[in-house]
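S.K.: Residue numbers (my numbering), protein chains in the order written: chain U, 1 to 300; chain C, 1 to 300.
Honestly, the hints are just simulated from the structure, not real lab data. Incorrect hints may have been included.
No copy is singled out in the list; a pair is fine if it fits within one copy or between any two copies.
Stated by the list, open to error - Calculated cross-link-like contacts (lysine-lysine; reagent style BS3-like; alpha-carbon spacing at most 30 Å):
| id | residue 1 | residue 2 |
| --- | --- | --- |
| 1 | 230 | 73 |
| 2 | 249 | 73 |
| 3 | 281 | 30 |
| 4 | 288 | 256 |
| 5 | 256 | 271 |
| 6 | 288 | 30 |
| 7 | 297 | 256 |
| 8 | 256 | 281 |
| 9 | 271 | 294 |
| 10 | 288 | 76 |
Predicted model, so just to flag it, every value in this text is computed and none were measured.
Next come the chains, spelled out residue by residue.
There are 2 protein chains.
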Amino acid sequence: MKDQFLAYIKTLQNTITSTLEEIDGKANFKEDLWERPEGGGGRTRVIENGNVFEKGGVNISSVHGKLPESMQKYFKVNDCDFFACGLSLVLHPKNPFVPTVHANWRYFEMYDADGKIISSWFGGGQDLTPYYLFEEDAIHFHQTCKDACDKHHPEFYPQYKKRCDEYFWNTHREEARGIGGLFFDYLKETDSLSMQDRYDFVTEIGNSFLKGYLPIVEKRKETSFTQEQKDWQEIRRGRYVEFNLIHDKGTLFGLKTNGRIESILMSLPPKVQWHYNHLPKEGSQEGKLVSILKNPKDWV
Amino acid sequence: MKDQFLAYIKTLQNTITSTLEEIDGKANFKEDLWERPEGGGGRTRVIENGNVFEKGGVNISSVHGKLPESMQKYFKVNDCDFFACGLSLVLHPKNPFVPTVHANWRYFEMYDADGKIISSWFGGGQDLTPYYLFEEDAIHFHQTCKDACDKHHPEFYPQYKKRCDEYFWNTHREEARGIGGLFFDYLKETDSLSMQDRYDFVTEIGNSFLKGYLPIVEKRKETSFTQEQKDWQEIRRGRYVEFNLIHDKGTLFGLKTNGRIESILMSLPPKVQWHYNHLPKEGSQEGKLVSILKNPKDWV
Numbered sequence: 001m002k003d004q005f006l007a008y009i010k011t012l013q014n015t016i017t018s019t020l021e022e023i024d025g026k027a028n029f030k031e032d033l034w035e036r037p038e039g040g041g042g043r044t045r046v047i048e049n050g051n052v053f054e055k056g057g058v059n060i061s062s063v064h065g066k067l068p069e070s071m072q073k074y075f076k077v078n079d080c081d082f083f084a085c086g087l088s089l090v091l092h093p094k095n096p097f098v099p100t101v102h103a104n105w106r107y108f109e110m111y112d113a114d115g116k117i118i119s120s121w122f123g124g125g126q127d128l129t130p131y132y133l134f135e136e137d138a139i140h141f142h143q144t145c146k147d148a149c150d151k152h153h154p155e156f157y158p159q160y161k162k163r164c165d166e167y168f169w170n171t172h173r174e175e176a177r178g179i180g181g182l183f184f185d186y187l188k189e190t191d192s193l194s195m196q197d198r199y200d201f202v203t204e205i206g207n208s209f210l211k212g213y214l215p216i217v218e219k220r221k222e223t224s225f226t227q228e229q230k231d232w233q234e235i236r237r238g239r240y241v242e243f244n245l246i247h248d249k250g251t252l253f254g255l256k257t258n259g260r261i262e263s264i265l266m267s268l269p270p271k272v273q274w275h276y277n278h279l280p281k282e283g284s285q286e287g288k289l290v291s292i293l294k295n296p297k298d299w300v
Numbered sequence: 001m002k003d004q005f006l007a008y009i010k011t012l013q014n015t016i017t018s019t020l021e022e023i024d025g026k027a028n029f030k031e032d033l034w035e036r037p038e039g040g041g042g043r044t045r046v047i048e049n050g051n052v053f054e055k056g057g058v059n060i061s062s063v064h065g066k067l068p069e070s071m072q073k074y075f076k077v078n079d080c081d082f083f084a085c086g087l088s089l090v091l092h093p094k095n096p097f098v099p100t101v102h103a104n105w106r107y108f109e110m111y112d113a114d115g116k117i118i119s120s121w122f123g124g125g126q127d128l129t130p131y132y133l134f135e136e137d138a139i140h141f142h143q144t145c146k147d148a149c150d151k152h153h154p155e156f157y158p159q160y161k162k163r164c165d166e167y168f169w170n171t172h173r174e175e176a177r178g179i180g181g182l183f184f185d186y187l188k189e190t191d192s193l194s195m196q197d198r199y200d201f202v203t204e205i206g207n208s209f210l211k212g213y214l215p216i217v218e219k220r221k222e223t224s225f226t227q228e229q230k231d232w233q234e235i236r237r238g239r240y241v242e243f244n245l246i247h248d249k250g251t252l253f254g255l256k257t258n259g260r261i262e263s264i265l266m267s268l269p270p271k272v273q274w275h276y277n278h279l280p281k282e283g284s285q286e287g288k289l290v291s292i293l294k295n296p297k298d299w300v
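Bound conformation, chain U alone (with noise of 0.2 Å):
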């Protein structure tokens, strides 16, 4: 499983690179290669200063090892080895008419002393952060999610859906970091599903992320925006920025592990701002986004 799912994730970064090459037609993405000195390393691919992305990060890894000190606390095991890849993308887009997204979607497995799985699961999922809301764009995401859930198990959808605004609440500001998606972690084996029933799902909402964001980008990458629409973009990325760094458990888990620094902050948005108290004007489209914010609703 785990060579499954890495050849899936390597491919997968490839087509998701060369496609966003193509949308954004200036920038080209950096790739750094590199390892990590207990085991395993990662392909970091980084945009910078694009037409459309002014920065973003499609990244792999996969790392092995004995599983950290940290790790062994959090997941209530003793010593033993580990395996994870996986494949984590954050777009922060130029225009704040399109929206930011993120997805990542990754493989674990934990060893015995003879080397036996004692424990294996997949984790991910994907959600949008827009800076204006246009209504139509979020059904056409949730919508694509919901598709790609649907052919697997009915529930999927509306428990994922629900566990992504659980998850991605920033509690001190008592709001969402974005209008959410698919958020599922630990999908294990079980007595209805098998692993490669986990991997066909899990590869199913990784085939279908193109398809969810790339038509958004599309309708409004030529928007014309002014510096107030500009400097609102710049502000929400605050929050995102907030959300990272204070709640967000894979990056706290990354920079607590001694992971690879960069590839880690690759998520932070490229311009941020942070005005004390600032407040939208009540009726306006960014007061209509920020009440979305407040009260997560369902789109489809």
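Given chain U, put chain C in place with the hints provided.
M.R.: Frame of chain U; chain C shown alone:
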């Protein structure tokens, strides 16, 4: 003691904000009075878009009531009442040759069921975060800290200077946030030092703040700078954000104990940049700063 210290920080806030307004010559501090539902409140004063200060806050707060549960765990005490007051300030200058400065002086009391003080202490400090290093500025700032400390105890400066370097350490970057200053906490009564002695020391430090910072502002505020130097400042401000949101106990504590968000996060810089894997050129002024941050030194 609590009335004495509260009166002190009120006066000090007035002195500092009026002096900074004079130097800025354009922007004024905007005042927000706020109340804490559980008891107490604060006086937040924020300056934005000045000639000298791009953003800054000089806040006082005085809060009391039942000690929040998270703080009970932290201080390893049971259900009890507390009182805490302090002054917190952060100034982000426009000119990249003027350093950012942070300071905080605070007093804490905990009570038994009869309202008798179980424990009380002072804490605080001040530290400088330059974007370009001028050795004479670093020496002046540290000399002012040392002079104020030396009036009270020859061990204070070396001890609190060291704690400052240890505290403001961005572990995930393996570098200091800035060039340090003083950091002290849990200054309690001892056989040789009364609470009045502690008060005299902390207020000596508070009174020395403008003496340490203002001459540097005066000397550097008119220096002309390029867009590249401004970009460097905004990139380094990213590290400031990383420290405050990932590591700073005060910030995280405030966020987790339902503090006033806008007063806590006023410490974040107005405009910030994150580039992928940005490295200063070898032998450059930018590179010189980073090498000092990676190897904190003694300035006096």
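S.K.: Could you run down the list of hints and mark each one as holding or not?
M.R.: Hint check results:
For the homomeric pair residue 230 and residue 73, neither the shortest alpha-carbon distance inside one copy (43 Å) nor that between copies (43 Å) is at most 30 Å. Taking the closest pair of Cα atoms, residue 249 and residue 73 come within 30 Å of each other both inside a single copy (14 Å) and across two copies (22 Å). Proximity of residue 281 and residue 30 under a CA criterion of 30 Å is satisfied inter-copy only: 19 Å between copies versus 40 Å inside one chain copy. In this assembly of identical chains, the alpha carbons of residue 288 and residue 256 lie at most 30 Å apart only when taken from different copies (27 Å versus 37 Å within one copy).
Taking identical chains as interchangeable, the C-alpha atoms of residue 256 and residue 271 lie at most 30 Å apart whether they share a chain (25 Å) or sit on different chains (27 Å). For the identical chains of this complex, residue 288 and residue 30 are inter-copy neighbours only, at 27 Å across copies versus 37 Å inside a copy, given an alpha-carbon limit of 30 Å. Taking CA atoms no more than 30 Å apart as the test, residue 297 paired with residue 256 passes between copies only; the shortest distance there is 26 Å, against 34 Å inside one copy. For a Cα distance limit of 30 Å, the shortest separation of residue 256 from residue 281 across copies, 28 Å, qualifies, whereas the shortest one inside one copy, 40 Å, does not.
Taking identical chains as interchangeable, the C-alpha atoms of residue 271 and residue 294 lie at most 30 Å apart whether they share a chain (24 Å) or sit on different chains (25 Å). Proximity of residue 288 to residue 76 under the C-alpha cut-off of 30 Å is found in neither arrangement, the shortest distances being 43 Å within a copy and 44 Å between copies.
When the structure is compared with the earlier hints, violations turn up for hints 1 and 10 and for no others.
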